[in-house]
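Chain order of the listed sequences is A and B. The numbering used here puts the first residue of the first sequence at 1361, with every later residue one more than the last. The numbering used here puts the first residue of the second sequence at 355, with every later residue one more than the last.
To be clear, the hints were calculated from the coordinates, so they are not data collected in a lab. The reader is advised that the hints may include incorrect statements.
Capping the alpha-carbon separation at 25 Å, the derived lysine to any residue pairs in SDA-like fashion look like this [what the hints assert, rightly or not]:
(1) A/Lys1438 / B/Lys617
(2) A/Lys1614 / B/Met441
(3) B/Lys458 / A/Pro1541
(4) A/Lys1614 / B/His440
(5) A/Lys1443 / B/Leu365
(6) B/Lys617 / B/Ala695
To be clear about the criterion: a stretch of chain B counts as covered by chain A if any three or more of its residues have a C-beta under 8 Å from a C-beta of chain A, and this derived list gives those stretches [said to hold, decoys possible]:
(7) 424-438
(8) 495-505
Remember, it's a predicted structure, so these values are computed and weren't measured experimentally. Cβ atoms here follow ideal geometry from the backbone N, Cα and C, with glycine treated the same way.
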Amino acid sequence: MNKQPFHLILILLGGLLLLFVVAPLTGMILSTSGSSLFETAQNKEVLNSIKLTILTSFGGTLFFSFLAIPLAYIMARKEFVGKKIISGLIDLPIVIPHSAAGIAVLGFISRTSVIGKAAESVGLSLVGHPIGIALAMAFVSIPFLFNASRDAFEAVPERLEKVALNLKASPAKVFFTISLPLASRGIISGFIMMFARGMSEFGAVVIVAYHPMITPILVYEWFTSFGLSYARPAAVIFIAICLVFFIAIRLIIKEKR
Amino acid sequence: MLELKNISKNLGAFSLTNINLTVNENEYFVVLGMSGAGKSVLLEMVAGLLTPDSGSIILDGKDITNESIQKRNVGIVFQDFAVFPHMTVIQNLMYPLKNIGIKKHEAIRIAKHYADIMNVAHLLNRMPATLSGGEQQRVALARTIAMKPEFLLLDEPLASVDTQLKDELRALLRKINRMGITVIHVTHDYEEALSLAEHIAVIYNGELIQTGTAKEVFQNPKSKFIAGFTGIKNFYNAEYVGDNFSLAEGKIKIHHYKDNDEKRGYLLFRSEDVFVSEKLNDSSTLNNYEGKVIDIFPSIHGIEILVDIGIKVSAHITDISLKKLNIEIGKIVWVSFKSTAVRFLGHE
């Protein structure tokens, strides 16, 4: 880049921003001792919370894939009245405060709601249950899967689907043999994004289920009860796990390009 | 036989109005028109990918206007090939066969048979992204004819193919037609139309303005549009006799250069390229013929005269030349044109 004063100012400002992102994370990692990390990694409470976080987020993502992917396909292929409204509705969880989203989900699954009553009738209480946690996570993270899937379907040339129909495939077969495989990378990257976003959710989950504890709540609990240095190793371990999925997304997107 | 009756379709940007045409069994039928004239829409309606707003499509006496896509025995191949990018060539070829319930080992046998016919047998395990445009087009053709359609619809099949491969693909298209598959081919390229068509339909501004044999359409253009396509009135059936000579209409030997190996076809040259003189001049032109003026009439290019040299040759001259040469009906004149002005279009 040209070394003009203006460009130097731009570089300086950009550097400050990078520092703002990297410094707290690096500081946290550097101030965590290896022994405390090792100890925390063996703590049953931590391990259980990580297992719960991964399973609830993955379960919710998987379940909602069956609903989000078909809708994404319809939105990518069909023109109809109210299409923009549907798009807006799906994006809504991104802009509302997540604690408010938690309140909404709680009302939806509480014992007095239709769904809550139905679950109670089979002896299941959704509030404070991993299913409730999964629903809260999915509620705030579904836009990631939906938007990525819709964009992926839009990128599949419609002509390929037309040709497949002409080659005697039924619409369902066209979907499963042409549209879905060709959109799969985008969908998988959306899936991982939703999964990762679900795992890191705190606000909505804490309202629906404080217990059993997912890792973000556990970190918060340890911080408020025992202080910063006690909570730090658990936070570092959880960040490392989230990073694995983050890197996976970047690799998938890179390969796609 | 395929009949389109009063087909109309409005697609906002353009529309097709009241299209009527009949395509006979085993025919090679070309629909000629400029880009955006609605030719592709017409094909998609025949294939069932679009429904006409009004009118009907009759296949062998049966109304198929509202028949599902899968039940029509019609195959379509698009300009951009539409070979499935996530499948190998053989998987592409087997796709329609599996869809109609053919068992795997039989589907492989059929796929290989059509791969042979279309010269893609050596590419069976390749992914489409590694193929050239011409190879992808042959895969698309093999895949479509493998399901033995009664009609093959081709949407600008040569438009995305390198020039040197066009002759080879044209030969393959004729081969497919000779296998008993009726072909409807849409194009904006009049040379493509001439070299392949038995009958041509011309679409302009969403309307069908002329149908007929290639010769009927090009020699007697019913609109400025077709005339503008070629501007060619000097249009003759030709047989190549060797040494750069062809016999036009079985009567007159004309010297020309050609870049293909075909023996039969058409000779074309523009009226603007024909010189008229009273005597045979000493010039470099190899094509010089004596004939009688049989007609003189004004045209958008000045004056057009028709000279009978055994075949009728049209020439454009200015009114100044007309007076200077004292040309009148019945006068004997010489017409000359350069070999390089003559085009030979193969049509085996």
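We went through each hint and held it up to the structure:
1. A/Lys1438 / B/Lys617: 51 Å, violated
2. A/Lys1614 / B/Met441: At roughly 22 Å apart (the allowed maximum being 25 Å), B/Met441 and A/Lys1614 satisfy the hint.
3. B/Lys458 / A/Pro1541: It holds: about 21 Å lies between the C-alpha atoms, which stays within 25 Å.
4. A/Lys1614 / B/His440: With a Cα-Cα distance of about 18 Å, the restraint between A/Lys1614 and B/His440 holds, given a limit of 25 Å.
5. A/Lys1443 / B/Leu365: Measuring from Cα to Cα gives roughly 21 Å; hence the hint holds.
6. B/Lys617 / B/Ala695: 19 Å, holds
7. 424-438: holds (count 8)
8. 495-505: Three-residue rule met by the stretch 495-505 of chain B, so holds; n is 3.
Violation of the numbered hints given earlier is confined to hint 1; every other hint is satisfied by the structure.
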